[in-house]
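**Student:** Sequence:
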Amino acid sequence: MVRNERPLSKLESWAVGHRVWACLFVAVLGGVLAWWLTVKYDRPSTGEFVFWALIVIPLGIGHTWFVLTRLKRRRSRA
Numbered sequence: 001m002v003r004n005e006r007p008l009s010k011l012e013s014w015a016v017g018h019r020v021w022a023c024l025f026v027a028v029l030g031g032v033l034a035w036w037l038t039v040k041y042d043r044p045s046t047g048e049f050v051f052w053a054l055i056v057i058p059l060g061i062g063h064t065w066f067v068l069t070r071l072k073r074r075r076s077r078a
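Counted from 1, the sequence shown has number 15 at position 15 by this note's numbering; the numbering is strictly sequential.
Be a bit skeptical, because a hint or two may be false.
[Unchecked claim] Derived Cβ-Cβ restraints for the label pairs, each shown as a range:
(1) L33 to L11: 16 to 22 Å
(2) L29 to R74: 32 to 38 Å
(3) S45 to R73: 37 to 43 Å
(4) F51 to V28: 16 to 22 Å
(5) K10 to G47: 18 to 24 Å
(6) K40 to I61: 19 to 25 Å
(7) W35 to R73: 31 to 37 Å
(8) R6 to G47: 21 to 27 Å
(9) R73 to L29: 21 to 27 Å
(10) W14 to L59: 19 to 25 Å
(11) W36 to R75: 32 to 38 Å
(12) H18 to S45: 18 to 24 Å
(13) L54 to K10: 18 to 24 Å
Think of the hints as simulated: they come from the structure by calculation, not from any bench.
In this text, a Cβ means the ideal position worked out from N, Cα and C, and glycines have one as well.
Build out the structure end to end from the sequences listed, making use of the hints.
**Tutor:** Written out as structure tokens, the structure is:
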């Protein structure tokens, strides 16, 4: 590894090149997180799962797309 290289730079460069796959991964991870939150705080119901999924998954996808776009722009300037 190069001395000044960040530890996650290979993962970042893959994610920038494959933004759709990275966002799909975040959507699946968000679904698992939504399920975990409903199970942890009380018995899972469909309404609560949908509520958490409608908050966690879109925010996760939007944030991921924003960060990856910002990383892509930063790399294209350099």
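**Student:** Look at each hint and say if it fits the structure.
**Tutor:** A quick look at each hint next to the structure:
{"no.": "1", "hint": "L33 to L11: 16 to 22 Å", "in the structure": "holds (20 Å)"}
{"no.": "2", "hint": "L29 to R74: 32 to 38 Å", "in the structure": "violated (24 Å)"}
{"no.": "3", "hint": "S45 to R73: 37 to 43 Å", "in the structure": "holds (42 Å)"}
{"no.": "4", "hint": "F51 to V28: 16 to 22 Å", "in the structure": "holds (18 Å)"}
{"no.": "5", "hint": "K10 to G47: 18 to 24 Å", "in the structure": "violated (41 Å)"}
{"no.": "6", "hint": "K40 to I61: 19 to 25 Å", "in the structure": "holds (22 Å)"}
{"no.": "7", "hint": "W35 to R73: 31 to 37 Å", "in the structure": "holds (34 Å)"}
{"no.": "8", "hint": "R6 to G47: 21 to 27 Å", "in the structure": "violated (42 Å)"}
{"no.": "9", "hint": "R73 to L29: 21 to 27 Å", "in the structure": "holds (24 Å)"}
{"no.": "10", "hint": "W14 to L59: 19 to 25 Å", "in the structure": "holds (22 Å)"}
{"no.": "11", "hint": "W36 to R75: 32 to 38 Å", "in the structure": "holds (34 Å)"}
{"no.": "12", "hint": "H18 to S45: 18 to 24 Å", "in the structure": "violated (35 Å)"}
{"no.": "13", "hint": "L54 to K10: 18 to 24 Å", "in the structure": "violated (33 Å)"}
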